[in-house]
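As a plain string of letters, each chain reads:
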Amino acid sequence: MPERNGHDAPRIGFYVCHCGHNIAGTVDVAAVAKFAATLPNVVVARDYKYMCSDPGQELITTDIREEKLNRIVVASCSPLLHEHTFRVATQKGGLNPFFFQMVNIRENVSWVNDDGKAATAKACDLVRAAVRRVAVHRALETKHVRIHPDVLIVGAGISGIHAALTLANAGKKVTLVEREPTIGGHMAMFDKTFPTLDCAACILTPKMSAVKNHPNITLWSYSEVTEVSGYVGNYTVKVKRKPRYVSEELCVGCMECIDACVYKEGKTPDEFNQGLSKRKPVYIPFPQATPQVVLIDPETCIEFKSGRCKKTCVEKCDRNAIDFKQKEEIREINVGAIILSTGFKTFDAKRIPYYGYGKFPNVYSSIEVERLVNASGPTSGELILRDGRRPKTVGIIHCVGSRDKNTNRWCSRTCCMYSLKLAHLLKEHSHAEVYNFYIDIRAAGKAYEEFYDKLLEENIHFIRGRVAEVTDWCARPEEKGKLIIRVEDTMIGVVRRVPVDMVVLAVGMEPNADAQDVRRMFNISCSTEGFFLERHPKLAPVDTFTDGIYIAGACQGPKDIPDSVAQAGAAAAQALSLIDAGEVELEPNTAYVVEEDCSGCKSCLAICPYSAISRDEAKQKAVINEALCKGCGTCVATCPSGAIRQNLFEDEQIFSEIRGLLEADEPILTGGEA
Amino acid sequence: MSYLYFPGCSLRSTGRAYEESILAVFRKLQIPLTELEDWNCCGATAYVSIDENRAFTLAARNLAIAERMQGNGGGDLMAPCSACYLVLEKTQHYMETDEGVKREVTTALHRGGLDYRGTTKVRHPLDILVNDIGIEKIARAVVHPMKGMNVACYYGCQVVRPFQTFDHAAYPTTMDRLVTALGGRSVDWPMKARCCGGSLTGTIQEAGLRLNRALLKEATARGANIILTCCPLCQHNLECYQKRINRRFGESLHMPIAYFTQFLGLALGIPPRELGIQRLFVPLPETDGKRKEVPAHA
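Protein sequence lines correspond, in order, to chains A and B. Take the first sequence: its position 391, counted from the start at 1, is 391 in this note's numbering, and no numbers get skipped. Take the second sequence: its position 265, counted from the start at 1, is 265 in this note's numbering, and no numbers get skipped.
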């Protein structure tokens, strides 16, 4: 059936929904329908239990046909929930879907009012406004844009890796960009994983090498995204590839150049080992690094500093892979969707001076201990402290930087479980007495509580109380040479002094230092604490408010490995469903320029938050890219000559709506007696 | 830069040396001080424990007078005693956040023909000297570097908690930086902001002495030969009970306890008498080298 154009005199159908008791419990829906029937141009006015149900929608389509309706108004819930539903029903009846207007009398009326009479009166006012408005609606066309089938993933920790493999296995081309010289993220640093105690490397490195070898994945490590432009389905991204001074194509990772370096011993704190060991200027982060390519740090390499090195590394490399002249490169790619999996940083324990981190050598952060107990770590997994001793007692302090309004208010979710894991590993490695100082043990996860139980049986000590300080102030002879943990044991109500040899600070998870810059670059939002904001906390946990950009893993909030992987899979699925649709429909509420009224003054260019407006230099007129325009209306209000208008928000429509709201001279029927 | 000065009761009694040294140092550094007109009890002492609103009213009266004087060109209000400092800060806090307090205090002030607007900034001399005058300027004025002085800087609780106004609540460093600039060696010790016993030495003396003993012992163990304080009550507690602690716990403590302003004054070459050094019970250690002295009024 051809869509009617709506130029005929308006014949409006009005429907008010009971939404079970949600609306009808407060608003007298029969009275609202009766009131609507009295409004100009309203031909049909009905109330129905559930307008969104099939029979409800059927009412609309049948009435359009039988009563020759050309406008529809539904008073029900929020347009966010069912506007699309009723537009489709309107279209099914043979009308352009934009000859529809929705009135929200649930969230805006019944849910926020106890007084039935007042609620019904307000509903009637809103209905009158919508009836006025819909009469001046115009037919609009939705635009469709094609979607580029490739995907960019930023950050190659476990989340990025999992999302990349999922998409690549589905046949999509993926570019995976990682800032560090190797992929693997934090997980690559861990020794074992809770609660199963399987080795992190054993489960991660196969996935890392799968990424490297997958024909559908382009891996750009040691690279950073510098610029993003475009819109859903059509993003253009610039990526900076930092120079390694070693050809990625030629290097086979034999590491002979590292042995050959003129530095006999490393001098620079090793980033991957958290500074617990030293590396040379030519290095590879860890033996299983992916890609298996060494790199040269120009800050410490003699050749870069003086130009007078013997270059024994170059001599040794029979593949001529070392290239001191390598330059940074900027690559540009086009993608349809982007997944951000940029991860987190650990809380800097120096911010809490009374825990002595950075002051007492035997106070460690948990991530350092991960390296310390790791078989491929700086001590090959032997528990040797910074002062060379082996600890007989260890105290693990939970919630460092977390659940504290002086630092971070949130629970970092992973610390309880990794502290339990570290307690087990430390005991296993050293047979030390291990004390956990906790506020609450949060072991909510599959087999997590059972793991906690197991530790209790391993004679690990648990003391409930937030630690006041770690000090070397010894009050008793037996405390000499020890670190004393002072804590109120809230179970027995006394302040205790627990002398230990080693302190582990279970630091929480924080947004990356540059999360705000990344957020701006990708035009997404952050929640108050600085993690990336999801579109809906329950129903759209990996979407963002920018279409085509998804988030996965700890960049969205503290998360353990299983949750990160689950989210990465979800983000990949969202990207897939976008790409496989082939094209995306754009809401037509965009702004447009009436060319003959535009003076080319450029006022609108700077104020557009989405950079959707450009200037046609030949015509000297503003041009709005409909695909970028989000319909915020800022330019419409700014334009000094009124040359910019907005679909669905034409002046006539807005003023009709306002007039409808303010016209109280019509009788408003409220209560049962009407 | 000039300041209003609120001495409070301590600086006119047990803490006379504190006032003498503050006045001498400020004179030497040519920082004008104007004493607050018609000031009254700050409200700390027992008031706070019995009727907080009354304490806030007393403090607010001082603040209101300061505001009036500021209108005539006075600067921030300096409160050297930590207890005064805290109760003035606290009063400002509650006047801003608690409607009930605000109502009661305002009514009382109005009856006395005063008004509180909350425009005065309450400052501690340690904050003023280090952050307004600046360590560099002070270091340039040093004529007698305090070599040989191993100083345990002791801040006590009230200047840093609960309001972290100018330094960290648990690990302050302002005084340490000053001491280093004056040529002394600041001893790192973990008791900087721990309790001195407060008024417990007068009420539950056993508890008070134990707290005192821990501070004195630890400073001694860390190699300090002097403890510097910035609070008259801390100074009193640490200095006056040493003999009793030695008797009670079998210790042999003998630690000079001075105000940081006395120490600063000595470094600036002010004669000891002008700084009230003669009032100390435990004599100060000798600095290396011969003293050079320049009287503060010179």
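The set of hints was computed from the structure by calculation and includes no laboratory data. Just so you know, not all the hints are guaranteed correct.
Unchecked claim - Once the Cα atoms are required to be at most 27 Å apart in a straight line, the calculated DSS-like pairs of lysine-lysine come out as:
| # | chain 1 | residue 1 | chain 2 | residue 2 |
| --- | --- | --- | --- | --- |
| 1 | A | 538 | A | 602 |
| 2 | A | 405 | A | 454 |
| 3 | A | 327 | A | 240 |
| 4 | A | 482 | B | 217 |
| 5 | B | 28 | A | 480 |
| 6 | A | 327 | A | 242 |
| 7 | B | 28 | B | 217 |
| 8 | B | 121 | A | 359 |
| 9 | A | 359 | B | 28 |
| 10 | B | 137 | A | 405 |
| 11 | A | 278 | A | 405 |
| 12 | A | 427 | A | 446 |
| 13 | B | 147 | B | 121 |
| 14 | A | 446 | A | 350 |
| 15 | A | 327 | A | 350 |
As the list claims (entries may be wrong) - Residues of chain A clear of chain B, computed beta-carbon distances all greater than 12 Å:
| # | residue |
| --- | --- |
| 16 | 320 |
| 17 | 470 |
| 18 | 471 |
| 19 | 472 |
| 20 | 475 |
| 21 | 636 |
Every value quoted in this text rests on a predicted model; they were computed, and no experiment measured them. Yeah, the Cβ is synthetic: ideal placement off N, Cα and C, and Gly gets one too.
To see whether the hints hold, each was checked on the structure:
As the CA atoms of residue 538 of chain A and residue 602 of chain A are separated by approximately 41 Å, the hinted pair breaks the 27 Å bound. The hinted pair formed by residue 405 of chain A and residue 454 of chain A fails the criterion: a straight-line CA distance of about 32 Å is larger than 27 Å. Among the hinted pairs, residue 327 of chain A with residue 240 of chain A is consistent with the structure: their alpha-carbon atoms are about 11 Å apart, no more than 27 Å. For the given pair, residue 482 of chain A sits about 18 Å from residue 217 of chain B by alpha-carbon distance, which is consistent with the 27 Å threshold.
The suggested pairing of residue 28 of chain B with residue 480 of chain A is violated, with an alpha-carbon distance near 45 Å, which exceeds 27 Å. Proposed proximity of residue 327 of chain A and residue 242 of chain A is supported: the alpha carbons are some 8 Å apart, at most 27 Å. At roughly 35 Å between alpha-carbon atoms, residue 28 of chain B and residue 217 of chain B are farther apart than 27 Å, so this suggested pair is violated. Between residue 121 of chain B and residue 359 of chain A, the direct Cα distance comes to roughly 35 Å. Violation of the 27 Å bound is thereby established for this hinted pair.
Among the hinted pairs, residue 359 of chain A with residue 28 of chain B is inconsistent with the structure: their alpha-carbon atoms are about 37 Å apart, more than 27 Å. Using a Cα cut-off of 27 Å, the hinted pair residue 137 of chain B and residue 405 of chain A is violated, with the two alpha carbons roughly 37 Å apart. As the CA atoms of residue 278 of chain A and residue 405 of chain A are separated by approximately 36 Å, the hinted pair breaks the 27 Å bound. With a C-alpha separation of about 24 Å, the suggested pairing of residue 427 of chain A with residue 446 of chain A holds against the 27 Å cut-off.
Distance restraint check for residue 147 of chain B and residue 121 of chain B: the Cα-Cα separation of roughly 35 Å exceeds the 27 Å cut-off, and the hinted pair is therefore not satisfied. Taking the CA atoms of residue 446 of chain A and residue 350 of chain A, the gap is about 33 Å. The hint is violated against a cut of 27 Å. Simply put, residue 327 of chain A and residue 350 of chain A have alpha-carbon atoms about 36 Å apart, too far for the 27 Å limit, and the pair is violated. The claim that residue 320 of chain A lies off the interface holds: its Cβ sits roughly 53 Å from the closest Cβ of chain B, which is beyond the 12 Å cut-off.
A cut-off of 12 Å between C-beta atoms contradicts the statement that residue 470 of chain A is not in contact with chain B; the least separation is 9 Å. Its closest Cβ contact with chain B, about 4 Å, brings residue 471 of chain A to no more than 12 Å, contrary to its assignment away from the interface. For residue 472 of chain A, the requirement that its beta carbon stay farther than 12 Å from each beta carbon of chain B is not met, with the minimum near 7 Å. At roughly 7 Å, the least C-beta separation between residue 475 of chain A and chain B is not larger than 12 Å, which violates its mark as non-interface.
Listed as outside the interface, residue 636 of chain A is consistent with that label: its C-beta sits roughly 42 Å from the nearest C-beta of chain B, beyond the 12 Å cut-off.
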